[in-house]
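Whenever a hint applies, use it, and build me the whole structure from the sequences.
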Amino acid sequence: MSIMGTRVVRREDPLFLSRGATYTDDLTDERLTGALHLTLVRSPLAHARITAIDVEEARSAPGVVAVITGAEIDLAPALLFGGANKGMVRSWLPTDKVRFVGEPVVAVLTEEAYQGQDAADLVEIDYDPLPAVIDLKAAASDEVLLFEEVGTNTSNGFGLKDEFDEHLFDDCEVVVTKEIVNQRLAAASLETRAASAVWGEDGRLTLWCSTQAAQSARDEVAGWLGVDAAQVHVITPDVGGGFGAKIGADPEFALVGWLAKHTGRPVRWNETRSENMTGMVQGRAQLQTVTIGGNRDGKVLAYRLDVLADAGAYPRLGAVLPMFTRMMAPGVYDIPKVESRARVLVTTTTSTAAYRGAGRPEATAAIERSMDLFAAEIGMDPAEVRRRNLLRPEQFPLKTKGGAPYDSGEYEKALDAVLDAAGYTGLRAEQQRRRDAGEVVQLGIGVSVFVEITGGGAFSEDASVEVHPDGTVTVLTGTSPHGQGHATAWAMLASEHLGIGIDRITVLHGDTDLIPRGSGTMGSRSLQTGGVAVHQAAGELVELAKQRAADVLEANVDDLEVVDGSVNVRGTGQGVTLAALAEKERLQVDSNFDSGAPTFPFGAHVAVVEVDVESGKAVVDRIVTVDDAGPVLNPLLCEGQRHGGIAQGISQALLEEVVFDADGNPLTATFADYAFPSAAELPSFTLLDMATPTHLNPLGVKGIGEAGTIGATPAVQSAVVDAVAHLGVRHIDMPTSPLRVWEAINAAASEGDK
Amino acid sequence: MIPVGFAYERPDTLDGALALLAEHGEDATVLAGGHSILPVMKLRLAAPELVIDIGRLAELDHVRVDGDELVVGAGTRHRTVESSEVVQAEAPLLAAVARTVGDPQIRHRGTLGGSLAHADPASDLPAAVLALGGTVVLRSPRGERSVPITEFYTGVFSSVKEPDELITEVRVPRTGTAGWAYEKFTRRANDWAIVAVAVVDGRVGLVNMGPTPLRAAATEAALADGAPIADAAALAAEGTEPTADLTATADYRRHLARVLTRRALTTAAGA
Ligand SMILES: Cc1cc2nc3c(=O)[nH]c(=O)nc-3n(C[C@H](O)[C@H](O)[C@H](O)COP(=O)(O)OP(=O)(O)OC[C@H]3O[C@@H](n4cnc5c(N)ncnc54)[C@H](O)[C@@H]3O)c2cc1C
Chain A
1 MSIMGTRVVR
11 REDPLFLSRG
21 ATYTDDLTDE
31 RLTGALHLTL
41 VRSPLAHARI
51 TAIDVEEARS
61 APGVVAVITG
71 AEIDLAPALL
81 FGGANKGMVR
91 SWLPTDKVRF
101 VGEPVVAVLT
111 EEAYQGQDAA
121 DLVEIDYDPL
131 PAVIDLKAAA
141 SDEVLLFEEV
151 GTNTSNGFGL
161 KDEFDEHLFD
171 DCEVVVTKEI
181 VNQRLAAASL
191 ETRAASAVWG
201 EDGRLTLWCS
211 TQAAQSARDE
221 VAGWLGVDAA
231 QVHVITPDVG
241 GGFGAKIGAD
251 PEFALVGWLA
261 KHTGRPVRWN
271 ETRSENMTGM
281 VQGRAQLQTV
291 TIGGNRDGKV
301 LAYRLDVLAD
311 AGAYPRLGAV
321 LPMFTRMMAP
331 GVYDIPKVES
341 RARVLVTTTT
351 STAAYRGAGR
361 PEATAAIERS
371 MDLFAAEIGM
381 DPAEVRRRNL
391 LRPEQFPLKT
401 KGGAPYDSGE
411 YEKALDAVLD
421 AAGYTGLRAE
431 QQRRRDAGEV
441 VQLGIGVSVF
451 VEITGGGAFS
461 EDASVEVHPD
471 GTVTVLTGTS
481 PHGQGHATAW
491 AMLASEHLGI
501 GIDRITVLHG
511 DTDLIPRGSG
521 TMGSRSLQTG
531 GVAVHQAAGE
541 LVELAKQRAA
551 DVLEANVDDL
561 EVVDGSVNVR
571 GTGQGVTLAA
581 LAEKERLQVD
591 SNFDSGAPTF
601 PFGAHVAVVE
611 VDVESGKAVV
621 DRIVTVDDAG
631 PVLNPLLCEG
641 QRHGGIAQGI
651 SQALLEEVVF
661 DADGNPLTAT
671 FADYAFPSAA
681 ELPSFTLLDM
691 ATPTHLNPLG
701 VKGIGEAGTI
711 GATPAVQSAV
721 VDAVAHLGVR
731 HIDMPTSPLR
741 VWEAINAAAS
751 EGDK
Chain B
1 MIPVGFAYER
11 PDTLDGALAL
21 LAEHGEDATV
31 LAGGHSILPV
41 MKLRLAAPEL
51 VIDIGRLAEL
61 DHVRVDGDEL
71 VVGAGTRHRT
81 VESSEVVQAE
91 APLLAAVART
101 VGDPQIRHRG
111 TLGGSLAHAD
121 PASDLPAAVL
131 ALGGTVVLRS
141 PRGERSVPIT
151 EFYTGVFSSV
161 KEPDELITEV
171 RVPRTGTAGW
181 AYEKFTRRAN
191 DWAIVAVAVV
201 DGRVGLVNMG
211 PTPLRAAATE
221 AALADGAPIA
231 DAAALAAEGT
241 EPTADLTATA
251 DYRRHLARVL
261 TRRALTTAAG
271 A
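Residue numbers (the UniProt record's numbering), protein chains in the order written: chain A, 1 to 754; chain B, 1 to 271.
One thing to keep in mind: the hints can contain errors.
[To be verified] Taking beta-carbon pairs under 10 Å as the criterion, some of the chain B residues facing chain A (in silico): (1) Ile2; (2) Pro3; (3) Gly5; (4) Phe185; (5) Asp191; (6) Ile194; (7) Ala248; (8) Tyr252; (9) Val259.
No lab work stands behind these hints: they were computed from the structure. The structure displayed is predicted, hence computed values, not measured ones. For every residue, glycine included, the Cβ atom is placed at its ideal position computed from N, Cα and C.
Okay, here's the thing in structure tokens:
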């Protein structure tokens, strides 16, 4: 029986649940014996000139080996993202100016970790405060500049050169426009950031770090340190979640490497949760202006998306994500005219980068909110408006108005499935009943239909499969799991070909000496690139084994089959094990798979929300979803990805937001204030199955990792608005907190009184 | 998240703890469940020279009935208060409020005395003791005194407790079957209250409606005059000074106080 598509339990879990993971800071590697501990003195101000740094007292504190300021660092400030404005560089430790609360200014190295904070408290830094830049429109005005010498706060842009078409909406009977906030979120991974470094006698740097992509972390750190990538050996132990925030390396990793060189000792660094909540990159943070136009029959004719994106103080990956937002702007709809642009701005806040969905949830939120606003304006059911504008199956493959090459999609089928399963008509009737009765707890129903782009960053991935003489198998992969379950999934793929049980198959990743090439795990790319590469490598290994077995067995290759780890002559009982073949000669295959293009998973969500209209509190009662990412390799893993994504989607809609006050102070730097969800805030999820294959890889698979945050977020937001729509509310920005809902109801009431 | 270095003592007796406290005064801090003081120390917002651990003093860990009163030792864990059959029978409000504190891990550590002493206006238990009309019993080498909870709090994180005093026990009237209710409004299940309202026997305690836990005096007076619940509840925010923060504006807190008071009074009335 095939192992494909079965619910194989995660092999990773017994260790995680018993001994616990071994994260970077848990390592007891002997190369780190006697390591110094790094404590960073961070800026308490969002924007200020540094006028003096006095480290003398700190230098004589107990256990202090070195206190380093930027004056001693011989590395050039770095442009952290190639596509950003070239002048927006970050110093390793600034001596002139700080640009966000939490920016590291002084490095303290102590023998013991506990001595670090005492010494850090003795460092005296004088600041001359400058006005903070928090609001994106204020940033765009360039009144206060983060980088005076650059002369603008605009880092980069997309589509800024062309003017918008002033006639875009000329043919429309109805036009609605709205400013929408897609709020800043923190990844809040279980494991905070950490790195440890040691230079060997061979002049090479060994760096252990928490990353989603060992190979690009190596390349970035090497580049920042000005050494050859071959001089750097990156090893990723267990990684406790990343959600996009741990793609590649953080500047702190290179600093740890530099300090290890400077002191001639191994150096370890691990941050506190509060440091993580200001220091680790954050996500989303877009201010969108949407305009949608169409006719009263429900047909949408034109759509415009105008984005201001927040890069934070030093542009990183976040500066490129609006490109995906623009690409996915029209979503699942066949809209004749679409235009968009995005301006990426620096602000005196934590830098932004990818967060589960990375540019696509922002696109989906914008178009789905627009569809709702349009539906409300013409007085049509929002599900029906969507249906009238969906791309039809026979239109695929196609190039969209956003420029995306959609591979396959069955959008109406997905919409029908969720509406049916949710009992949409009955829900609307119940909603009407509660409205008529004026009940305190009102019902809201939100619908979203979405398409996203997965494997959009890098299309190629390596895999190597080897059968050893003892019959065990090693799989090497360039993907970089940090919770996804590749040790289980990739073993299943190899097992399917080799007929060897997954308990005898070891999957290795994240060691750049062992696996020099790889693009890591992000953008829901792993299965459709790295997984397919394993599938392909295992298939090639079977062919190689058959060739060799044909000699051994004196049989025709065409008469051979691989069953249970043996190459057998069909119908004879004659055969030779793969292990025996490996004993004669190394039995190993390196393979590469290149899909050449991304895939476009899609789905539909219905969220049912109850809103207490007296207190404003919304609670998600049900969520019904189709998340179609093609054929499913392991339903357990796939559902896990859907669950996590849906939870984070619900949470963006209802709870989470990184907030800075007007002076740039972070107000959500602890878990008491940053409202991520627990199981108690979430309903059980109703997951429907649908599998539309792609033609872009032999398994027909697309990515599932981010579907939840893309589909659930607008469905839940829409449901909250819908619950109070009869009170005159059309829109509530996320998170739709009790305070916001209550204020929206009040505002609508006083509007109605006028 | 590493506190400033400190000395640590764990006396075996209450008298030993009191003696240490008298000797070191404001340089010392008492550690009970540690769930308020340790985070403060880890953030280096407090840096005591000496930590006196009273968390294991059996003398402070008890629940008993004494005449008309239920007596709970200051060192009694929230978990004990929540699950004690005596508390459930004699002052069911107190047990129910204890159950809403944080999550099970926190309730297995945090103590009633610690919660009252910490004097955080966002805490649940002070409002419950207020609504119950309880008394805080304080002891120092100078002697013992009882302070009605209505006179205990003086401001944010401050009370009439002297630096050399320990709370030894909390006494509340045995309200038995009198109607009660606790309405705690949070965004997430294990959050601190944005606003909460404790009601028992016509008395109303408010959480997070000012610098100290307080009673809704206007509502209580209206109820005493026989006003209907809706009218009395409409007065719940009178005389309060709620603050604004991330989750609420002052106006919103006032609104919530009125809504939650109405709901709590309705539940307490058994309607
Ligand atoms: C994550 C989290 C969530 C929480 N959620 C809630 C919540 O929802 N609602 C809520 O009400 N509380 C909440 N708490 C606080 C919790 O209830 C604490 O346990 C309680 O406030 C303090 O009790 P403690 O025994 O831990 O006191 P400690 O932290 O040990 O001490 C607190 C203060 O009181 C003093 N003190 C302690 N005992 C005495 C005594 N007998 N006499 C004199 N002074 C004393 C100490 O010196 C210290 O200053 C939460 C705490 C955490 C960490």
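Hint check, B:Ile2 versus chain A [nearest Cβ-Cβ separation less than 10 Å] = B:Ile2 check passes; min Cβ-Cβ to chain A is 5 Å, inside 10 Å.
Can B:Ile194 be said to touch chain A, with a Cβ gap under 10 Å?
-> At 8 Å from the nearest chain A Cβ, B:Ile194 passes the 10 Å test, so the hint holds.
Evaluation of the interface hint that places B:Pro3 against chain A, nearest CB under 10 Å = holds, 9 Å
Should the hint that B:Phe185 touches chain A count as held when the rule is a Cβ pair under 10 Å?
-> holds, 6 Å
May I ask you to test the interface hint for B:Gly5 with respect to chain A, counting a Cβ-Cβ separation under 10 Å as satisfied?
-> holds, 7 Å
Could you check if B:Val259 really has its C-beta closer than 10 Å to a C-beta on chain A?
-> With a minimum Cβ separation of about 5 Å from chain A (threshold 10 Å), the hint on B:Val259 holds.
Classify the hint on B:Asp191 as holds or violated, based on whether any CB of chain A lies nearer than 10 Å to its CB.
-> holds, 8 Å
Hint status (Cβ of B:Tyr252 to nearest Cβ of chain A, threshold 10 Å) | With a closest approach of 5 Å, the B:Tyr252 hint holds.
Taking the closest Cβ pair, is B:Ala248 under 10 Å from chain A?
-> holds, 6 Å
In this structure, every one of the numbered hints holds.
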